[in-house]
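Line by line, the protein sequences are chains A and B. Counting from 1, position 413 in the first sequence corresponds to residue 413 in this note's numbering; the numbering is continuous, with no gaps. Counting from 1, position 516 in the second sequence corresponds to residue 516 in this note's numbering; the numbering is continuous, with no gaps.
Hints are supplied without guarantee of correctness; some may be wrong.
To be verified - Below 25 Å or equal to it, Euclidean Cα-Cα: the simulated DSS-like pairs (lysine-lysine) are:
1. B:K280 - B:K197
2. A:K118 - A:K722
3. A:K589 - B:K72
4. B:K65 - A:K72
5. B:K134 - B:K16
6. B:K65 - A:K352
7. B:K391 - A:K589
8. A:K674 - B:K72
9. B:K580 - A:K72
10. B:K589 - A:K398
11. A:K352 - B:K67
12. B:K589 - A:K72
13. A:K589 - B:K398
14. A:K580 - B:K72
15. B:K580 - A:K398
16. B:K398 - A:K674
17. B:K65 - A:K589
18. B:K209 - B:K67
Bear in mind the hints are in silico, worked out from the structure with no lab data behind them. Keep in mind the model is a prediction, meaning the values are calculated, not measured.
There are 2 protein chains.
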Amino acid sequence: MNQEYIIPNAWSIIEKGWRPEFVKSSESLFSIGNGAMGQRANFEETYTGDTFQGSYVAGVYYPDKTKVGWWKNGYPEYFAKVLNAPNFIGIDVFIDGEALDLATYDQVHHYKQELNMKEGWLERSFNIELTDDKEIAIKTRRFLSLDKDELGVINYSITAVKGDMRISFQPYIDAGITNEDSNWDDAFWEVEELTSKDHQAFIRSRTNKTNFYVCTYMQSELYKDGEHVQYADPFDQNDTVIRHKVATQLEEGETATLLKYAGYTSSLNHEHFELMDAAKAAISHAVNKGYQQLLQDQIDAWADIWAMADITIEGDLKAQQGIRFNIFQLNQTYLGKDARLNIGPKGFTGEKYGGSTYWDTEAYCIPFYMATKDQHVARNLLTYRYEQLDKAIENAEKLGFSNGAALYPMVTMNGEESHNEWEITFEEIHRNGAMVFAIYNYVRYTGDYDYIPEMGLEVMIAIARFWHQRSTYSSRVDKYMILGVTGPNEYENNVNNNWYTNYIAKWCIEQCVEHIKKVKSGHEDDYHRVIGLTSLTDGEISSWLEVAHNMYMPYDKELGIYLQQDGFLDKELIPVSELKAVHRPINQKWSWDRILRSCYIKQADVLQGFYFFEDHFSKEQLEKHFDFYEPLTVHESSLSPCVHSIQAAKLDRMDQAYEFYLRTSRLDLDDYNKEVEEGCHITSMAGTWMSIVEGFGGFKIVNDMPSFETRLPKQWKSFSFKINFRDQILTVNVSDSATTVQLQGYQSQDIILNGKKLTLEPLAVNA
Amino acid sequence: MNQEYIIPNAWSIIEKGWRPEFVKSSESLFSIGNGAMGQRANFEETYTGDTFQGSYVAGVYYPDKTKVGWWKNGYPEYFAKVLNAPNFIGIDVFIDGEALDLATYDQVHHYKQELNMKEGWLERSFNIELTDDKEIAIKTRRFLSLDKDELGVINYSITAVKGDMRISFQPYIDAGITNEDSNWDDAFWEVEELTSKDHQAFIRSRTNKTNFYVCTYMQSELYKDGEHVQYADPFDQNDTVIRHKVATQLEEGETATLLKYAGYTSSLNHEHFELMDAAKAAISHAVNKGYQQLLQDQIDAWADIWAMADITIEGDLKAQQGIRFNIFQLNQTYLGKDARLNIGPKGFTGEKYGGSTYWDTEAYCIPFYMATKDQHVARNLLTYRYEQLDKAIENAEKLGFSNGAALYPMVTMNGEESHNEWEITFEEIHRNGAMVFAIYNYVRYTGDYDYIPEMGLEVMIAIARFWHQRSTYSSRVDKYMILGVTGPNEYENNVNNNWYTNYIAKWCIEQCVEHIKKVKSGHEDDYHRVIGLTSLTDGEISSWLEVAHNMYMPYDKELGIYLQQDGFLDKELIPVSELKAVHRPINQKWSWDRILRSCYIKQADVLQGFYFFEDHFSKEQLEKHFDFYEPLTVHESSLSPCVHSIQAAKLDRMDQAYEFYLRTSRLDLDDYNKEVEEGCHITSMAGTWMSIVEGFGGFKIVNDMPSFETRLPKQWKSFSFKINFRDQILTVNVSDSATTVQLQGYQSQDIILNGKKLTLEPLAVNA
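The task is simple: from the sequences and hints, build the whole structure.
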């Protein structure tokens, strides 16, 4: 079926044996990042085989001119794109004058690559028989410091296993890079200044149009058998590259090591004229600490993350590896330190999907960050959208809305829309609902009600205005309808009355009105500020409620189910199980019109509503809808299996839940979608976390209390996870004999465990 | 409102006064063509002002690589494009060494441009005061020979009105041209060979990928006050241009004339190695005839066309000019001599819309050509599609259809699809119906039933198969449905059960089955050939009929109308008349989603069905549907006003019919859509013809007889038109006192005039 070359291991991603055909997949899977920057696992040394080079600086983007076949009014003129950044990892290696290049040898032995998730480093080792009497062993380890997030560290060692030889290292930084995913072959970067001095090198480049300044820097040290060796400072440079040259002679058995400190400083965090000084400070930091201490700092920093975020699974190594890989990648991508950043669907593992922020953040990522980080991290994610409210209002104005109605973009970097398919950009408007759901979810979870008067209410009002204006009164049925939308199931376009969209629209308005009342009574100053700002009147609120209370919901009485959209039952409803393999995945095998007129569902749509609004429906209703829709679902979105895993678990269909869990947790490791070369599916990794915590752990908030309804898959001996609930940490252990919840907190905590209310005392264990 | 600079005239398009802002509009409106080639009315001499250069050779195209933002399975990889061809009209002029360039003078007087439609030539004249004591008069006339369709003739005269001066002409041919409308800036042409000898010049170029060879040629003669002047043969050439140099001295009052014979020979009509000889033959033809005789031949050829095609209108000069402009442009674009050619939506007046052939040909153009040309012309247009049947089957296969089902492309040059919006390319499938309707219409009109066994039946079978496979059985209503389509009204996408599509699908199947029976009984050999070829069985035919007889038709009982599509009545139905001017045209003012969810109709959709299948519905039904749909129609397609004009006339709403008539007939002359700079709307010009002949003339075929139900707009004193009905020519005169029909035929002819059956004798007049 899918690829299976990754070796199961509880804490590491490992591949063994040199297979060039997996290079691009491994470049994605072994990617490293520290929230501020990241890289695909490209080789340091020259590689002339097939490769996809990628280095990224968080928050640095380029607005590429939109490319379409046929322009539609309302398309954004520019499309903010994740930018491939200058390369700082490069170290060309020459053995007796011959360039080292894995693509050129027949005799590569003991090839192993390991991404150590526990400690946060990437290591690659291999031997090469250069000739009958000459062999070398290479070992290179690198990491991007969590502690000092402008710093990368590379330790590149070569041992003369057989024979003597001259080794030359050429560490370089290269700002002459391009995006694979460019619409018009624009130059995204201008190189402004190159400086090389005292074994240090700096290139300051600027992004065109957006004028982000980034200084890429490096300094290298040479060691021979662990002894520091001074070397002269010869360098080469052209318009975009600075290259240092470091050579030494090895006798058989000796090891030469190049230690390279390198990274970026960017104008997001410094004045642009101070970037070089900031880079020098980063180098000093590194040199003063030294490699061993920097590595120890890295291990400690990851230990802190794991202390809170780890999930253990006993008895199923692949499942264990899968969940840790997901947690690890999420933390590599976003650490919540900077409210200007967000979680791109590919993180730092590829360029695809352009902009960085989708509704994935609100629907999938926030629960993970709420539970595994301090509360401010989730607040930062909400604040990101609050800061972009003006742009969301502008975006709606471009589409003809008025009076402060907001439509958040489908894809964005800076608040502007960065997507250009009309059926998505203009019609996949349910995303607005996820913004409000995230606020609701955040407040429910954290109890931080202040967020609503401070920021959330303005967002909710703008979105309520959107839904009100976007609805159409149908005199035929005397109801309000929402026509011409694309729901979460993107395999339907321009449908009328997508149930999920109508439901969340109604809910958004009602939520907003409820909070207007609450803020009015409890936060009078904010109330007056917001009412002043928005010129909201009681009359307007009434007109919203008229829409919300009379929203049409497509429903089939005979079946007793909500319909995904008007006319859904006119389709031929043939279960996916009856589709021949040759037709799948349908998004690769079928033309678009065939997909559209089929009944097949890309990802949870009606069931997404049942997931969000679990408490609005009975278990019987869930079961009925799950049984109707899941068999028609092809799960061709990475966001699909997790929701279905959770719901299957809640319906006690543990085998199905387990199967979906494997699919979501090992989506990239096993390359289910045959596209891991382009990067990993970062945002859906939060869905994997949810499928354990909310699915098997049955976690939810009930009456302000954490509630767990646990279920152990039969493939597992036990599993455990943690929840940071309002700064009280709950550890849930589920085994075949018992479920326990342990509290590390400073005060007692009420919880509901498998239906029973318990009061936990700090550090106590209850069963 | 719209532009009004074209001077009303019965036989000519005229502009007076030099206004650079109208240059691009005039380049479109004054375009000339002869069916085999055509040009925008670009100036011969240098013009550095704003211009859109265009020269076109019929049938020569380039497959440009498709450009889309997001690829959808099923998109064609290439997009056949009308090609801008080498320029042969160029004549640079120097007066005392200064280049003549209308963009550079303040003193341009008596500027006049005339397109003489009666005689088929374009003339431009103006005076320029170069200095206080130097003035010239320019007069240039050119035409593309109908008689010898590889030949263009230019007569370029300069008179020294004031002062003496040296005149230098530099006639040139230039193969270094590009398309404005290119996706990737590919080079469309390669220049292969340039030859200049004996006052003649030839450039042979080849289109990339498609390997069409075109030889562009010229020869010039110099005259002084009408006397032929020998001149030396100095020439200049670079990689893509050959330029001759011809100079003479003029004294005040003298006139220098450059006569340039130039044109193309192409590999469509000659072996590619014979192109230069063919060009030489064209030059010999021209030189032997001389300018006056060539012009006379042109006048005679156009007289022949007008003898059959002219429509006269008394009492309304603008209406008269409008209809003649439409008839003239149609004849410039397509003369029916070559079954490989078709009628591009811009003809030879611009590049827009890429490929050459739309369903416009079948739905709008065929009636015009049937009535105004010999029968073989319409047959050629049908044959064009028959020849492309294999490609239409391939096209359907790309979309997942099988068993010889055909989907004709939305846009094509060579039978391959050349459009790439999924909602059009994959979903605007009603075009298949127009193919069958054209066959039906042709046979009904011409009585040439043989076309069906010979060619038509294969097309009908492939299309019946498509409709059968494209239908979906809805168990809910126990009917067959057609889901996910775009109807003729392209302001709705991906709708279910577009009534027009469902209706024509049902009709296509029933037509096909009827003709299978007829061919079986009357053309046994063809029957066996076709059945053998298609492996058609009785069982398959039954399965088609099951679909056709149970096709779902959306209908509202309360209103008594067929619904444009499922759910149409859920829209807010606000008449166009209540839309504020600021919102129109909606395709420029509104975002696409807003257009889609609105009720507004781009062009006739349900009413297109009522137009095609007039006899299936009562006048009361027409009235009801017209009253429901027309008020919601924005007529933002050039194909819209004509159908509505015809229907308004049939409903005796003469003012409305007249208003629509003006809009269709003067669409380009008055630039209603503010885009005439890009070229004229050629195919809709056939609709203009229909709105007189079928609307005011009430022409249709009833029981094998021409029937006329005439109505005179009150703005007209009278009008007349001709119909070639099976080689019998009927002239219909409608005045306020009487309607007469005159027959120029070889046998008596039954007709129906205003409800009464009459038998016309050859050359008799009946009232």
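Against the structure, the hints:
no.: 1; hint: B:K280 - B:K197; result: holds, 11 Å
no.: 2; hint: A:K118 - A:K722; result: holds, 17 Å
no.: 3; hint: A:K589 - B:K72; result: holds, 11 Å
no.: 4; hint: B:K65 - A:K72; result: holds, 20 Å
no.: 5; hint: B:K134 - B:K16; result: holds, 23 Å
no.: 6; hint: B:K65 - A:K352; result: holds, 22 Å
no.: 7; hint: B:K391 - A:K589; result: holds, 21 Å
no.: 8; hint: A:K674 - B:K72; result: holds, 18 Å
no.: 9; hint: B:K580 - A:K72; result: holds, 21 Å
no.: 10; hint: B:K589 - A:K398; result: holds, 10 Å
no.: 11; hint: A:K352 - B:K67; result: holds, 18 Å
no.: 12; hint: B:K589 - A:K72; result: holds, 11 Å
no.: 13; hint: A:K589 - B:K398; result: holds, 10 Å
no.: 14; hint: A:K580 - B:K72; result: holds, 21 Å
no.: 15; hint: B:K580 - A:K398; result: holds, 18 Å
no.: 16; hint: B:K398 - A:K674; result: holds, 22 Å
no.: 17; hint: B:K65 - A:K589; result: holds, 22 Å
no.: 18; hint: B:K209 - B:K67; result: holds, 17 Å
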